[in-house]
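Number of protein chains: 2
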Amino acid sequence: MTRALILGGGGMIGQKLAHRLATGELKGYPDLDVTLCDRGFPAPGAPGRQITGSVTDAGLLTKLAAQRFDVIFHLAAIVSGEAEADFDKGWQVNMMSMWHLLEALRAEHLKTSGAYVPRLVFTSSIAVFGGPYPDKIDDEFLSAPQTSYGAQKAACELMLSDFSRKGFVDGLSLRLPTICVRPGKPNLAASSFFSGIIREPLNGEQAILPVPDTVRHWHASPKSATGFLCHAAALDTDLLEGRRALNLPGFSCTVAEQIEALRRIAGQDAVDRIQARPDPDIMRIVQGWPRNFAPARAIDLGFKAESSFEEIIETYIADDLAR
Amino acid sequence: MTRALILGGGGMIGQKLAHRLATGELKGYPDLDVTLCDRGFPAPGAPGRQITGSVTDAGLLTKLAAQRFDVIFHLAAIVSGEAEADFDKGWQVNMMSMWHLLEALRAEHLKTSGAYVPRLVFTSSIAVFGGPYPDKIDDEFLSAPQTSYGAQKAACELMLSDFSRKGFVDGLSLRLPTICVRPGKPNLAASSFFSGIIREPLNGEQAILPVPDTVRHWHASPKSATGFLCHAAALDTDLLEGRRALNLPGFSCTVAEQIEALRRIAGQDAVDRIQARPDPDIMRIVQGWPRNFAPARAIDLGFKAESSFEEIIETYIADDLAR
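So the protein sequences, as listed, match chains A and B. All residue numbers for the first sequence refer to my numbering, where the first residue is 1314 and numbers rise by one. All residue numbers for the second sequence refer to my numbering, where the first residue is 1314 and numbers rise by one.
Worth flagging that the hints you see were computed from the coordinates, not collected in a lab. Hints should not be assumed to be uniformly reliable.
Unchecked claim - One-sided and incomplete, this derived list gives chain A residues near chain B with beta-carbon spacing under 7 Å:
(1) Ala1457
(2) Ser1461
(3) Leu1471
(4) Asp1475
(5) Ala1547
(6) Thr1550
(7) Glu1554
(8) Arg1556
Stated by the list, open to error - Capping the alpha-carbon separation at 30 Å, the derived lysine-lysine pairs in DSS-like fashion look like this:
(9) A:Lys1479 x B:Lys1449
(10) B:Lys1479 x A:Lys1449
(11) B:Lys1449 x B:Lys1617
(12) B:Lys1449 x A:Lys1376
(13) B:Lys1376 x A:Lys1402
(14) B:Lys1449 x A:Lys1449
(15) B:Lys1340 x B:Lys1424
(16) A:Lys1402 x B:Lys1479
Claimed, not checked - Stretch by stretch, here's where chain A covers chain B in the computed footprint (C-beta under 8 Å, at least three residues):
(17) 1348 to 1357
(18) 1623 to 1630
Here a beta-carbon is modelled for each residue, glycine too, at the ideal position from N, C-alpha and C.
So here's chain A without its partners, still in its complex pose (with noise of 0.2 Å):
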């Protein structure tokens, strides 16, 4: 048996990810035992022993640490919107709690004389970058985030490349793109907006964009998120030569192009449940935002995502828009 330990396991794609666990497909980890820690779990829940805690909570992680997990997701943060107001708790949060995991990590190593290195997984993002931008950003690109959220994730990259060259983890950080469709609420995310004009009209509700149609990002959808987390669960590092933070693969495309995707798929009528709202602070830090990448090392690699918005539009609409 081997065991799993999703960090951030009540979220939206610790869930999601949970399910796709158990279902068995993760190469490498037969018998897959998996713990799911959050503040919190959604009901009915996914398959996983849930243990109730923060990862801001130290001794917690250090317990964590004890049991010793083969691999081990860290997708715990609070989203760029919520870190960019509440500046302690974003650094807290985002920072802080990757130096204890990978401290409480090490100790186990230290005490198993080398023989324990699990495989460690963290969700980055493509806010550890900042503009000026080229029209693709390639794998050479420089990490100077605009943003509290991006510069939090950027440290703990460093963090966990540094552990990992040492041999007391064995650690990926993947940059996901913007995630899209979410199930469920908007939230405090500036890039909320995103599933939202696709989500709502689809649920037959109204829909606010807040930008202009001609705003161009970089998409993937939940499937994408957990497929890339599974397939660096399984990779062989040694690929890497050292750089251990990855730009995934994803769809560029203008909003105009999502919405013309949703009249595709939806028709006229759902189209026409998006009410342009122009909101200026929104606007502001989403044109701080990447466009477009070039992610070749990540594709050399095996990662996947979609290639065109139908197909994101679709993956929503097989996978949540029934339940």
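Given the coordinates of chain A, assemble chain B onto it according to the supplied hints.
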């Protein structure tokens, strides 16, 4: 009166900076009163009030922050070799100290309802970069450190940048070239020999060269280093446009060119005191280092270094050899 604090004020650069500040040449800081903090100080030391303590003592940093210095130079660090050998100490001294310092300064900022915003000048390093390198590293080259020292410095840059973006401090990270010729004894840095092969022969002593003389590297004198720090303390940080880490100017040359410069200044007798004794460990580390830069931003911003290695040697002879 304005007040400056030098963390790491007992070290080589800290002492030279204190001497330089005592001459009153720091623009924008009239009647400068200088405080030095370090674990120990040379005797006789540079002018300034001395506080003995470690930057790993968060309580001390809180007390220092409460004094609301106008400008703080954070030079305190353990060097690359020691950070690689002592993982714990490296992260505590080189990274966590910055976190506690920033948190303490932010607390003062909040106590003064935002009135207190100290200038904070941090000595980062070209160790934030990792190979493979282009022939010349430009200002857009990514930070992907391959040492603990480099990862710690890069993490500090991210924190300093975000605390500055939020207006809690007004910071700059200076990615110093390898400082050469260092006076005094060799230290634990793997780069120590770059100074040793000049300093020891000029003092009539034998020097060890552990790498082939084809090795190219990036140098600036201690005098340039204190010049960078003074220039950064007085710089209009609006000019940085949110990218607060700077690659600084220096001089790129091979070890053979260093030795040729020594020959022109001090003759063949001096050169004959250098003994080649290859050290595979040092060679492996040095092969991972940058060789040359095109630091256009810093040059545009008025930072200046030497334009020949002879000039670097002459600086050592004028400033340090006589003592």
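Checked hints:
1. Ala1457: 6 Å, holds
2. Ser1461: Since the shortest Cβ distance to chain B is 5 Å, the answer is holds.
3. Leu1471: Given a least distance of 5 Å, the restraint on Leu1471 of chain A holds.
4. Asp1475: Because about 4 Å separates Asp1475 of chain A from the closest Cβ in chain B, which is inside the 7 Å limit, the hint holds.
5. Ala1547: Since the shortest Cβ distance to chain B is 24 Å, the answer is violated.
6. Thr1550: 15 Å, violated
7. Glu1554: Since chain B brings no Cβ nearer than about 9 Å to Glu1554 of chain A, farther than 7 Å, the hint is violated.
8. Arg1556: 6 Å, holds
9. A:Lys1479 x B:Lys1449: 28 Å, holds
10. B:Lys1479 x A:Lys1449: OK: Lys1479 of chain B and Lys1449 of chain A at ~28 Å, within 30 Å.
11. B:Lys1449 x B:Lys1617: The hint holds at about 18 Å.
12. B:Lys1449 x A:Lys1376: Violated, because 47 Å separates the two Cα atoms, which is more than 30 Å.
13. B:Lys1376 x A:Lys1402: It holds: about 24 Å lies between the C-alpha atoms, which stays within 30 Å.
14. B:Lys1449 x A:Lys1449: 23 Å, holds
15. B:Lys1340 x B:Lys1424: Roughly 28 Å separates the two Cα atoms, so the pair holds.
16. A:Lys1402 x B:Lys1479: 14 Å, holds
17. 1348 to 1357: With 0 residues closer than 8 Å to chain A, the stretch 1348 to 1357 of chain B misses the three-residue bar; violated.
18. 1623 to 1630: n = 0 at 8 Å, threshold three: violated.
This entry does not satisfy hints 5, 6, 7, 12, 17, 18, going by the numbered hints stated previously.
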